[in-house]
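Engineer: For the record, the sequence lines run as chains A and B.
Just so it is clear: in the first sequence, position 93 is 103 by my numbering, and no numbers are missing.
Just so it is clear: in the second sequence, position 65 is 92 by my numbering, and no numbers are missing.
If you're looking for bench data, these hints aren't it; they were derived computationally from the structure.
Take the hints with a grain of salt, since some may be wrong.
[Said to hold, decoys possible] Within a straight-line C-alpha distance of at most 30 Å, the following computed BS3-like cross-link-like pairs (lysine-lysine) qualify: (1) LYS144(B) with LYS171(A); (2) LYS118(A) with LYS49(A); (3) LYS235(B) with LYS124(A).
[As the list claims (entries may be wrong)] Below, a sample of chain B positions facing chain A; criterion: calculated Cβ distance under 10 Å: (4) ASP48; (5) LEU49; (6) ASN51; (7) HIS92; (8) GLY95; (9) ASN98; (10) LYS194; (11) ASP221; (12) GLY273.
[Said to hold, decoys possible] Computed Cβ-Cβ distance ranges for the label pairs, DEER-style: (13) ASP178(A) with ASN150(B): 26 to 36 Å; (14) LEU201(B) with ALA62(A): 39 to 49 Å; (15) PHE172(A) with LEU107(B): 32 to 42 Å; (16) PRO153(B) with GLU126(A): 42 to 52 Å; (17) GLU126(A) with GLU52(B): 14 to 24 Å; (18) ASN150(B) with GLN206(A): 44 to 54 Å; (19) THR212(B) with ALA62(A): 30 to 40 Å; (20) LEU130(A) with GLU52(B): 30 to 40 Å; (21) ARG73(A) with PHE88(B): 27 to 37 Å.
We put the CB at the ideal spot given by N, CA and C, even for glycine.
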Amino acid sequence: MTVLLKISSMTNPHYNSFTNRLLPGVLCIFISVTGYAQKYTAVEGVITFFSAATLEDIKADNRKAASVFNAATGDIAFSIPINQFQFEKKLMQEHFNEKYLESEKYPKSTFSGKVEGFSLNAQGVQQVMAKGKLTIHGVTRDVEIPGTIEVQTGSLKMQSKFMVKLEDYSVKIPKLMWQNIAEQVEVTVDLTYKPQ
Amino acid sequence: MRMFYVFPALVINMMAFAQDDLLNELNKEEQGTQYAFATFKGTRIVNGQSVETKRKGELEFIFSHRFGLINEGAYALWGLDESVTRLGLEYGISDRFGLGIGRTSVDKTFDGYFRYKALRQSNKFPLTVTALGSVYYKTYPRNSESPYPISTEDRLAYGAQLMIARKFSPKLSLQLNPMFIHRNTVDQDVENNDDLALGFAGRYKITKSVALSGEYIFRLNAKENQPPDYVRYDAVGIGIDIETGGHVFQLVFTNTLGMFERYTITETYEDFGAGDIHFGFNITRTFQLGGKR
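In isolation and in its complexed conformation, chain A is listed as follows (with noise of 0.2 Å):
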C-alpha cells in the first residue's frame, strides 16, 4: 500500500521536491522489498546419507527437509525431520530412528549459520562455506560445511557434501551391531530454492 502511495504521490505535480521528501522513504521501500526478495526458501531436493561398512551399504533419502537461505545476508537456516529419512529396508529405518537417532527425543536435526563467500550477482558455480551450528541427536557443534551454489533464472542450487562422526553426536551404535555401521557417514545436501 505505501508503495503505491509513495509513487503514485511521484507523479502528482504539486511534489516537486523529490530529493527532499520522498526519496528517502522509496528507498527505504525499494531496500526492504529486495530485501525479501532476496529471503529463499528451499522447495526441492533431497538430503541423502550415506554408509559404507563391510556387511553393507547403508543409504537414506529425505524430501522432507526444510530450509531458507536470506542471499543478501547470507544467513541460512535447515530443519530436518529425522524420521523422514526413509530407507529401503525398513527395520532399519526403525532401529535408526529407535536406536540411533532417537527421533522420538530428538525429533529434528538443525543447521543454523552464515554461508560465506556468495554473490548474489556471481555467475556459475560458486564455492562457498558455511559457518554455523549443528545439532543432530541433541548435540549442536559448531561447523565449517564446504559447498556450492548456483545462481539460476528464478532459483538457487546449492549442492554440499561432508562427513559426520557418529560419536561427535553421541550416536552409539551396539557393539553387536559395529560392523553393521561405520562410525563416519557421508552427507550429500542437494536443494533448489526459490525466492519467497
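Since chain A is already given, all that's left is putting chain B on it; use the hints.
Structural biologist: Frame of chain A, contents of chain B only:
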C-alpha cells in the same frame, strides 16, 4: 537529512533475518501426524500376540522353543532334555495387514491367522489397536491311530482377539488383550467350548537393544473344581528381548507350552506359582522381500 532516519529502519529490517529467526520460522511449520513406532520389539510379547504388524513386503520367520520344566532338576538338565517347537512365518501384505502360519509340535497343531492394525497411536490418538483372527487345526492323533474317529470339525478351533496398546515413553509400552477362543469339540463336563481371557502385557527397555517383558493371561470363565487331569492355570510369561539387527532373541520363562492361543488360554496345566516353569526362546528374523518405497 532524512537519510539518517532511513538507515536505522534498514538495520532493523536486516536484523529480522537473523539466523535464529530463520530457524524458528522453519520450526514453526506444522509437523503433521507423527505415529508411534516400535511399541514392541516383535509380533509376540512372550507367548501372546502384540499390536505390531510386519511392514509391507517384510517376511518374518519365527522359531520358538519351550523346554521342559526347570524344576525337574539336574537329572533332566533343568528341562533342556525335552522341548516343543513352533515354526512360523508372517508376511506383511501392507504396513497394517499381515498373514501368518505356523506349526507347533504340541498336538501337531497348525495355526493360521490374519492381523490388522485398525488404529495407530499418534500425536493425535492415544492407542494402537490391532485385531487378530485365527484358526487352529490339531492333527494329533491320526485317525488311523485313534480309538475313535475324529472329524475335521472336531480338530478345529477358532480365535479372535484385540490388542490395545500404548507406548507411554520410548521405554515403556503396555497392552491389554481381550481374547476369545472357540473349540468345536470338547468334553463339555469339564471344558468350555467358548473361553474368554484378558491378557495384560508390558515391556520396559533396559538399554537400546535389551528389553524386559511380562505377560499375564487371565481366564475369565474358567471352570472351578476340575478333576486333576483338567486343572488349568493362567499362563504367565516373563521375557528378555535382545535385538541385534534383523534378529530378535526373546528368552522366556513361562508355565505354558502353548505358542498359540488355543493352548495358552485353555490347556495350560502347569502352575507358575508352584514353580512349574519352562525356559524357552523365540527367535525372529525379518527379511525384506519387496514393497520397497
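Engineer: Work down the list of hints and note, for each, if the structure agrees.
Structural biologist: Going down the list of hints, with the structure as the test:
1. LYS144(B) with LYS171(A): At roughly 40 Å apart (the allowed maximum being 30 Å), LYS171(A) and LYS144(B) break the hint.
2. LYS118(A) with LYS49(A): holds, 22 Å
3. LYS235(B) with LYS124(A): violated, 36 Å
4. ASP48: holds, 9 Å
5. LEU49: Since the shortest Cβ distance to chain A is 4 Å, the answer is holds.
6. ASN51: holds, 9 Å
7. HIS92: Since the shortest Cβ distance to chain A is 21 Å, the answer is violated.
8. GLY95: GLY95(B) check fails; min Cβ-Cβ to chain A is 30 Å, beyond 10 Å.
9. ASN98: Hint violated; ASN98(B) Cβ to chain A Cβ min 32 Å, cut 10 Å.
10. LYS194: holds, 9 Å
11. ASP221: Not OK, violated: ASP221(B) not within 10 Å of chain A, min 38 Å.
12. GLY273: holds, 6 Å
13. ASP178(A) with ASN150(B): 26 to 36 Å: With Cβ atoms ~30 Å apart, the hint holds.
14. LEU201(B) with ALA62(A): 39 to 49 Å: holds, 40 Å
15. PHE172(A) with LEU107(B): 32 to 42 Å: Taking Cβ atoms as reference, PHE172(A) and LEU107(B) lie about 53 Å apart, which means the hint is violated.
16. PRO153(B) with GLU126(A): 42 to 52 Å: holds, 48 Å
17. GLU126(A) with GLU52(B): 14 to 24 Å: With Cβ atoms ~22 Å apart, the hint holds.
18. ASN150(B) with GLN206(A): 44 to 54 Å: violated, 28 Å
19. THR212(B) with ALA62(A): 30 to 40 Å: With a Cβ separation near 60 Å, THR212(B) and ALA62(A) fall outside 30 to 40 Å, so the hint is violated.
20. LEU130(A) with GLU52(B): 30 to 40 Å: Violated, since LEU130(A) and GLU52(B) (Cβ atoms, about 21 Å apart) do not stay within the stated range.
21. ARG73(A) with PHE88(B): 27 to 37 Å: holds, 33 Å
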